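Undergrad: The lines below spell out each chain.
2 protein chains.
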Amino acid sequence: MKTESRLVQWICWLIVITSFFLTGFIIGWFARPTSTETSHDAGSRRHLREFLDEMRPENIRDHLRKFTRLPHLAGTEQNLQLAEQIKGEWLAYGLDSVEMVPYDVLLSYPNISQPNYISIVDDLGNEMFNTSLSEPVPEGYENVSDIVPPYSAFSAQGQPGDLVYVNYGRTEDFFQLERQMGINVTGKIVIVRYGNIFRGNKVKNAMLHGASGIIMFSDPADYCAPGVQPYPDGWNLPGGGAQRGNVLNLNGAGDPLTPGYPAKEYTYRYNLEEGVGLPKIPVHPIGYHDAIQLLKNMGGDVPPNNWKGALNVSYRIGPGFTDGFSTQKVRMNIHTNNQVTRIYNVIGRLRGAVEPDRYVILGGHRDAWVFGGIDPVTGAAVVHESVRSAGKLLRKGWRPRRSIVFASWDAEEFGLLGSTEWAEENAKVLQERAVAYINADSAIEGMYTLRIDCTPSLHTLVYDITKQVSSPEEGEEGLSLYESWHKRDNWTDDRDAPRISKLGSGSDFEAYFIRLGIAAGRARYTKNRKTERYSSYPVYHSVYETFELVERFYDPSFRKLRAVAQVRGGLIFLLADSQLLPLDASQYAGSLTKYAHTIAQLGQKHPDALVKYGVSFDSLFSAVENFTVAARDFHERLTTLDRTDPIQIRMVNDQLMYLERAFVDPLGLPGRPFYRHVIFAPSSHNKYAGESFPGIYDALFDIERTANPKQAWDEVRRQISIAAFTVQAAAMTLTPPSETKSQISDVL
Amino acid sequence: MKTESRLVQWICWLIVITSFFLTGFIIGWFARPTSTETSHDAGSRRHLREFLDEMRPENIRDHLRKFTRLPHLAGTEQNLQLAEQIKGEWLAYGLDSVEMVPYDVLLSYPNISQPNYISIVDDLGNEMFNTSLSEPVPEGYENVSDIVPPYSAFSAQGQPGDLVYVNYGRTEDFFQLERQMGINVTGKIVIVRYGNIFRGNKVKNAMLHGASGIIMFSDPADYCAPGVQPYPDGWNLPGGGAQRGNVLNLNGAGDPLTPGYPAKEYTYRYNLEEGVGLPKIPVHPIGYHDAIQLLKNMGGDVPPNNWKGALNVSYRIGPGFTDGFSTQKVRMNIHTNNQVTRIYNVIGRLRGAVEPDRYVILGGHRDAWVFGGIDPVTGAAVVHESVRSAGKLLRKGWRPRRSIVFASWDAEEFGLLGSTEWAEENAKVLQERAVAYINADSAIEGMYTLRIDCTPSLHTLVYDITKQVSSPEEGEEGLSLYESWHKRDNWTDDRDAPRISKLGSGSDFEAYFIRLGIAAGRARYTKNRKTERYSSYPVYHSVYETFELVERFYDPSFRKLRAVAQVRGGLIFLLADSQLLPLDASQYAGSLTKYAHTIAQLGQKHPDALVKYGVSFDSLFSAVENFTVAARDFHERLTTLDRTDPIQIRMVNDQLMYLERAFVDPLGLPGRPFYRHVIFAPSSHNKYAGESFPGIYDALFDIERTANPKQAWDEVRRQISIAAFTVQAAAMTLTPPSETKSQISDVL
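Heads up: the sequence lines are chains A and B, in that order.
In this text, residue positions in the first sequence follow full-length UniProt numbering: the first is 1, and each later residue adds one.
In this text, residue positions in the second sequence follow full-length UniProt numbering: the first is 1, and each later residue adds one.
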C-alpha cells in the first residue's frame, strides 16, 4: 500500500512536472518570433529624430568655409585634393568604405597663352574694342591663382562677322526673327541674352539657323534684382561679371566621346568630329558692361518690347552696326581647347543591415567654376553634414535597413559627366537595386522658401519629412518647415498643400532619373517665384560666388541650409530605413491624370487638325484610369499585408522600387536615346524645363512650325500611343504578382 | 518545524517545477524553426520524379493526333478554335487560370482568286511553262480544305526578268558572283537553293544587290537523305513539295508595323512602306520538279562544284537562258497580300506558393503552315503533356515555389509575332520577374539523339535533368538519356560531356533571350550532325508534315517525344521549385573564356591590321577573367549561405536571375535595336546561326569586303570595348551586394 501510494504520488508528480514542461515548451514555441521582420518603424522614427537634430548650422558653415577657399575646377589638382580631403573625412565620420572612382572624359579649358575675347575691328582689322579678359576679383581673393576666366566650355574656335540680336535665342525667338522680321542669320554672329532656357539650347538654335558664332550676355533685366546692390555690397551681378558654363547638347549622353559607356581607359572613344553635342561654332559669354559696347552701335530695326532688356541701348536687331560704324565687324577670338582629362568621383557607402542589396543614393557635385560659394558647395556642405550625422548614429550601433551611397560627383559643370559615367558603369546593378536618388546640388538660390522638384511617388514622403523639420525663418519658432513653406507657396490651383515641381534637367540626377528610371528628387531654398523674375541667382557661375556671398546675404544664420540638409538627409533616412518603402503610387496616379489633361488641352488648341488627322487622347486617359485603379488597389492591399513575412514585404517593396523603372522606354525619346523617361524629360527646346509626356509635348511643339502637318500629326499620334502603352505597362507592375489574371482592363 | 519543512519542500518542488518549465520553454524556443524557409529540396525531388513519370508516350501521341487533323494557319478560324480547345483542356487539367491574349499584327496570305506561280514566257508573252500551284495532297487528307499553297509570306508583287543562279544566296555567294564571276544581278531574278541560312537573309542579299525578284528551290542535295524514299514511302521531300516560310528581316522587331510596342487596337501603326523588314521584291518557293524546268536551259558559265546541287542539270549561272531559249524570260506572278489580322496567344498560369512574383515560362507556338505534323505540334503536344502532368500533381496538393507560365504562341511562322508582342506588352514585368524561358517548338527533327541549345548558366541543370530521364532508344533500357546522348554526341574538343550548342534565332525564345535577357534554352531530338548533312528535316514547312510522318518514321513508339517532354518539363520544374535557383554562373564564365578565344582567333587572321589599327582583345580577356573570379567566388559563398534566411536566399537568387539581364545592352547591336544581347545573337548574315560576341563577329565579317579598312577596324575596336564593358558589368552583378567595395578588378 505504501509503495503503491508512493507510486501514485510519483506518477502525479511526473504528470505535474511534465505538464509544466509542456506548458513551458508551448509558451516558448509560440513566444519566439518566427521572423526577424518585426515592425521597427517606431525605433526608426526615434533614430530619424536623432539624425536630424545632430545636423548643426555652424558645422554647415564650417564645411562651406573650408570647401570654398580655392577654386576647384573639374580636372584640376585642387579638385583632386578636395576629393581626397572629402574621402578622408567621410572615412573618419564612420562610413564603411569610401572610394575614388576615376574616369577620363572630354573637358574644355581656355588656352592660358591665348586668352579668349571678342573685339570690334575696323575695316583695316584694327581692334577698336576688346571685351575684358577676366572678372575683377572679389576682395580677399586677390592672391588666388587658377581662377578660370569666363568662357563657354567646349566652344569651337572663332572668326569675324556681323552681329544679329536674337533676344534669348529660343526656338520661338529665331522663328520670329526669320519669319516675321525677315532676317537670316546665316554667317552672322548672333548675340543673345542669357536666361529663360539652357545656354546649350541657344547655341544649338544658332547653329541650326546657320550662325557662325554666338555671344551670350547677362542683361541686368535678367541678372539684377531691383533695389539690390552689385556684389560685394549686395548679391546682384556686377557689370564686370559673366556667366561661365558648358554649351553642349548632350541630351544625357555623358562624356561626349563615350556615349552609353563609362569613360574608362579601355573604352573606345569617338573622334572629336563624331562627339555628341559639341558645338561647331565659337561661343563666348560676356558681362553687361561689355555687352553695352557691342550693342550700342547696332543697326537695323528696333525690336518689340519683350526683346528689350534693361541696358541703356535700343536693342536694335542688326545685322551689323549702324551708319557711321557699318564697316566695323565683330571678331570672336576663341582659343578654348577640348582635352580628355581625368576626373574623380568620391563614393562612400554605408551597408544596410537587412537588405544590403537595396541602395539609396545621396549625390551632388564637388567641381565648381571658381569657388563654388553657392554652386555646388552649399550642396556639398549639406551632404558632408549628413554623412557626419549618420556616422554619429552608426557609432551608437544603428544601421539602416538598406544600404546608403553618398556621392561627390566630378565635372558636373562640363555636362553632368561624373555622375553620368558612374551611372553608365553601374547601370545594371542600379537598375536592379537602386531605390531612390536624392540630388544635392546648390542648396540655396534665394531667401524665400523651400523648393522641391521630385517624382510624384515621393510627394507624400516630402510632406512627411518637412513636417518634422523646423522652419528656419526668423519669427517662426514652433512652426514646421512644412507650415512655413505652405504659407509661402501654396499649390492653389491643384490642392491645398505646398507646391512641388517636376524634375527638369541640368543637374546630376539626370542619368539616374531620366535614363535609368530611379525615383528621384531635389530640395533647395529658393526665391519667390511670383515676384522675383530674374534667372537663377544673379552671380550664378561668376567669380562672385563666394563664402561671403552666402554668409552675408543668403543665409547668415545657416539655418536655411540646415533645413535643406534635414530635408535631403531625412528623405534618404526614411527611404533607407522604413520597412515598407515610403513611395506613393497613388500620388503618381494623381499627377498622371493632371498631366494627361494638360497635354490634351495643348492638343485641343488645334481642334480641326485633331479631327482631320484622327488624333485622340482617349487611349492615354484610359491607361491613366487603369493606372489609378491599380495604384489604389495596391495601397489598399498594403494595409492588410502580413508585416512579419519577409518575402511578402520584399515583394511589395520590389513593386514600389520598380514603379519608376516602368516609365522608362529603352528606345528613348525621338532622337534622344539617353532620355528614356516617357513621363518626365526636358523639352527639346530647353534642357532646364521638365515637361510631362515630353514625347507628345515635343511633337505638338513642332506642329506650328512644320511644313508637313500630316507627318507632324502622325508623330503626335505615335507619341500618344507610346505614352498610353507606357502608363499601362506601369499599371501592370502594380497588380498583385500572385494573381494569375490581368487585374486591370485593356487600354481602350 | 513541520510547517517549516513543508515550506522547504514546497520551495523545492517549486524550483523543480519551474526548472522543468524553463527547460521546456528553452527547448520549445529553440526547437521552433525561425523561418518557413526549410530546405524542401528533397521533397521537391520526389515531386519531380512523379511529374516526369506521369508523362506518357501514348498521351503525347493522342495530343499530336488531335492537333494535326486540320490546317491551323495563323489568323484563321481553325487556329482560333484550336486555341479555344487548348484553353479548355488546360483549365480542365487544373491550371489556376488560362487567358486568350489577342494582337492585331501584319500577316500575309496568297490571293485565292489569283494564285501565285512562276512562268517561262516567250518573246510574245506566251506562258511556255508554269510552276505548280500547289503540292500533291498526301493520302488521307484529300478532303481537307484551306491548305495554303507554298508561298513566301510577305512577298511583294511580281515582274518578268532573266534568271541568275546564286547558289545558297549567302553574302559570300553574292560576293563571289559579283567579284569573281563578274555578274551583276541588278534587275535580274535570282534563283537560289534553300538551306544553309535563313531564307529572309537570302532575300535581303538579293535586294541589296539590286535583284528584281528571288526564287528559292529545295534541291535534293539539301532536302533528301541518301537511301530514303520520298514521303509517303519515306521521310524525304517529294519533287512536288515546297517549303513555305516568311521572308522578313525583322531582327527581333515582332509585328512589322508596331516595332517595340504590342500590336493592340490603340497602338500606332506605321504605313506598309515604313514597316520593318518587309521585302520590296517578289519572292517564291518551288520544289525540285519545277526547279529543273527553270534551271535546265539556263546559259552562262558552269559554276564551281560547291555551287552544284543534286539535280540532273548543269547549274549554269546565267544570266538568262542558253542559245535557242535566249528570248525566253521568267515571270513571277505573285499576288500575295499583307493584311492586319487578329492572332491569339493562350497563356496559362500556375501560381507559385512562396515567390509568386517569380516566373518560369514554357512557351511554344501553335500556328502551322499546314498540319504542323512536326512543326510545331510535336512541341505543342509536349507542352500539353507537361500541363497535364503538373495538373495531376497540383491536385495532390503540390504547388511550386515560383509561378509557372505556359504559353501557346500564335503567328510564329510569320516572324515570331505572338511571342514577341506578348514580350513587348509584358516587358517590364518580365524584366523584373522572369527567371527563365524554355522554348517548345518542334520536339523532333531527326532520329539520332538529343539536341540542346541554351544559355551557359543552364548547362549544369540540363546535365542534371537528362540524368534523371531514361534513354528512349531501343536496346538502351537502364541507360539514362544523358548516357545515350553522351555516347552519340560527345563535346570532345572541349570536354567529356554531351555537346550543348548556342542559341541562334528562328523560334519564339528570341524576344525573351536576345531582347530581354532572360535565361533560355530549347531541347529536341535531332539527326546525326556529322553524317546527315541535309538542311533541317526534308519535308520542313511542306504539306507532308503530317501525324503519319511522325508515327511511321520519326518516333513510332513516341518515346523520343516523351524524353523531350521530360527534359523540357524537368527544366521548368526545377527552375520553379528549387530553393536556390539552379543557374550556374561558372559555366557562363567557362563559355565566355572559350568565346573570347574564338573571336580573338578570328581577329588574328589579320595580324598586320591588328598592329596597324591598334586592335587588341586584351580588355575582353581581362573582363572575362574578372567575371570568372566573380562567378567562382559567388558559388563558393553559396555553400555557406544561411538557408533559413529568406532574404539571404532571395538576394542570391536575384543575382542569379539577373545575371542574363546583365548581358543586354539597351542600345542594341549596330542597326538592330531589338537584338540587345551582347554575348549571343544571330549573325547579320544568317538568322539561324547563333554567334558569340555577335557585334565583334559582324564587324570582323565586314573586314574582308570593306572599302574603308580604317573605319572597319575602328568598328571592331568599338565592339571589343562594348563586349569588355558588358562582361565586366555582369561580373559586378555577381559580387556580394553587402560588400561596400568593388570586389573585382578594373578592366585592364
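Please keep in mind that the hints were generated in silico from the structure rather than gathered at the bench.
Since this is a predicted model, take the numbers as computed values, not measurements.
One thing to keep in mind: the hints can contain errors.
Identical copies go unnamed one by one, so any copy, or any two together, can satisfy a pair.
To be verified - Dumping the calculated DSS-like pairs for lysine-lysine here, alpha-carbon to alpha-carbon at most 30 Å:
#1 K428 x K329
#2 K428 x K594
#3 K710 x K280
Undergrad: Please name the hints from earlier in the document that this structure breaks, with their numbers sorted from lowest to highest.
TA: 1
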